[in-house]
Amino acid sequence: MKLSECVDVISANVLVTGEDMDLDVHVACGADLMSDVMAFSCSTNQMMLTGLVNPQTIRTAEMMDVKVVVFVRGKVPDRGMLDLAQEKGICVLSTPLPMFSACGILYQNGVKGKGE
Amino acid sequence: MIEPVKLEYKIRGSDFINAGEASSGTKKALNRLGVSPAAVKRAAIAMYEAEINAVIHADGGEAEVFIYSDHVIIRIIDQGPGIPDVSLAMQEGWSTAPDIAREMGFGAGMGLPNIKKHSDDMSIETEIGKGTTVTITVRFQV
Ligand SMILES: Nc1ncnc2c1ncn2[C@@H]1O[C@H](COP(=O)(O)OP(=O)(O)OP(=O)(O)O)[C@@H](O)[C@H]1O
Ligand SMILES: [Mg+2]
Numbered sequence: 125m126k127l128s129e130c131v132d133v134i135s136a137n138v139l140v141t142g143e144d145m146d147l148d149v150h151v152a153c154g155a156d157l158m159s160d161v162m163a164f165s166c167s168t169n170q171m172m173l174t175g176l177v178n179p180q181t182i183r184t185a186e187m188m189d190v191k192v193v194v195f196v197r198g199k200v201p202d203r204g205m206l207d208l209a210q211e212k213g214i215c216v217l218s219t220p221l222p223m224f225s226a227c228g229i230l231y232q233n234g235v236k237g238k239g240e
Numbered sequence: 018m019i020e021p022v023k024l025e026y027k028i029r030g031s032d033f034i035n036a037g038e039a040s041s042g043t044k045k046a047l048n049r050l051g052v053s054p055a056a057v058k059r060a061a062i063a064m065y066e067a068e069i070n071a072v073i074h075a076d077g078g079e080a081e082v083f084i085y086s087d088h089v090i091i092r093i094i095d096q097g098p099g100i101p102d103v104s105l106a107m108q109e110g111w112s113t114a115p116d117i118a119r120e121m122g123f124g125a126g127m128g129l130p131n132i133k134k135h136s137d138d139m140s141i142e143t144e145i146g147k148g149t150t151v152t153i154t155v156r157f158q159v
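The listed protein sequences derive, respectively, from chains A and B. In the numbering used here, each residue's number is its place in the first sequence (first place is 1) plus 124. In the numbering used here, each residue's number is its place in the second sequence (first place is 1) plus 17.
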């Protein structure tokens, strides 16, 4: 599913525009534990949904080549985090939906998890 | 022999805003030098884990990176408490991370095993009360 369509189905706000809003999102993960994202995410993971709001979520995305970070339950990162994401070319979304629902809706629309 | 490209960084302890800057700079440099994306990612993951460990467990330290034509050597050096039992620390799930690290999303005890997984060589020199040096080698071609 196109990134711009992902934004629509989870009613997200685009806080930082990505380099490519036409990006086709195939694989995503949902995690609050960055250790797990570092250890288990696959090389093709393009999107990370998280309820954890701190600069290390953006760093982790950067290291893992994750292109889109989605903050769930309406969480909004501070200016510093948004600037960091901008600098790294990472798209940042915020959805009012809780983690489970946001993941479920994206999954239903064809975004899969690792190795599926 | 061609001289390696050398990068140096300071890593500040408990600074969760800037933690990752050294790995980020190294990733950028490797990309710029035309290293394959897969190798860049392995190096970035391994270095970030070691950098975060220095921030969390050792009150910071330094990073030294030597980029050769076919591999990179990354050294994360700290003057922290040292690791009493390295084989225990290498086990998945073993962690002494403080709450502040857990609040940042770390402390699953996965970092050291993950460095091993993503590097071609990894060595830990550590002395109680003196510090720890983690040396990581990532080759660009497998
Ligand atoms: N530089 C270091 N100085 C002192 N102790 C360390 C250092 N690096 C690791 N350790 C010790 O080894 C343990 C395991 O490290 P590891 O990176 O595998 O897990 P973690 O940092 O606790 O959690 P995670 O990496 O999953 O976020 C740490 O909890 C800590 O006790
Ligand atoms: Mg660690």
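If you are wondering where the hints come from, they were derived from the structure by calculation, not from laboratory data. None of these values were measured; they are calculated from a predicted model. The reader is advised that the hints may include incorrect statements.
Said to hold, decoys possible - 30 Å max Cα-Cα, derived BS3-like pairs, lysine-lysine:
1) A:Lys-236 to B:Lys-23
2) B:Lys-147 to A:Lys-191
3) B:Lys-147 to A:Lys-212
4) A:Lys-236 to B:Lys-133
5) A:Lys-238 to B:Lys-23
6) B:Lys-45 to A:Lys-236
Against the structure, the hints:
Distance restraint check for Lys-236 of chain A and Lys-23 of chain B: the Cα-Cα separation of roughly 40 Å exceeds the 30 Å cut-off, and the hinted pair is therefore not satisfied. Distance hint between Lys-147 of chain B and Lys-191 of chain A is unfulfilled; the C-alpha atoms sit about 39 Å from each other, more than 30 Å. With a C-alpha separation of about 35 Å, the suggested pair Lys-147 of chain B and Lys-212 of chain A falls outside the 30 Å cut-off, and the hint is violated. Taking the CA atoms of Lys-236 of chain A and Lys-133 of chain B, the gap is about 28 Å. The hint holds against a cut of 30 Å.
For the proposed pair Lys-238 of chain A and Lys-23 of chain B, the alpha carbon gap of about 36 Å is over 30 Å, so the pair is violated. A distance of roughly 29 Å separates the Cα atoms of Lys-45 of chain B and Lys-236 of chain A; the hinted pair therefore holds under the 30 Å criterion.
Checked against the numbered hints above, the structure breaks hints 1, 2, 3, 5 and satisfies the rest.
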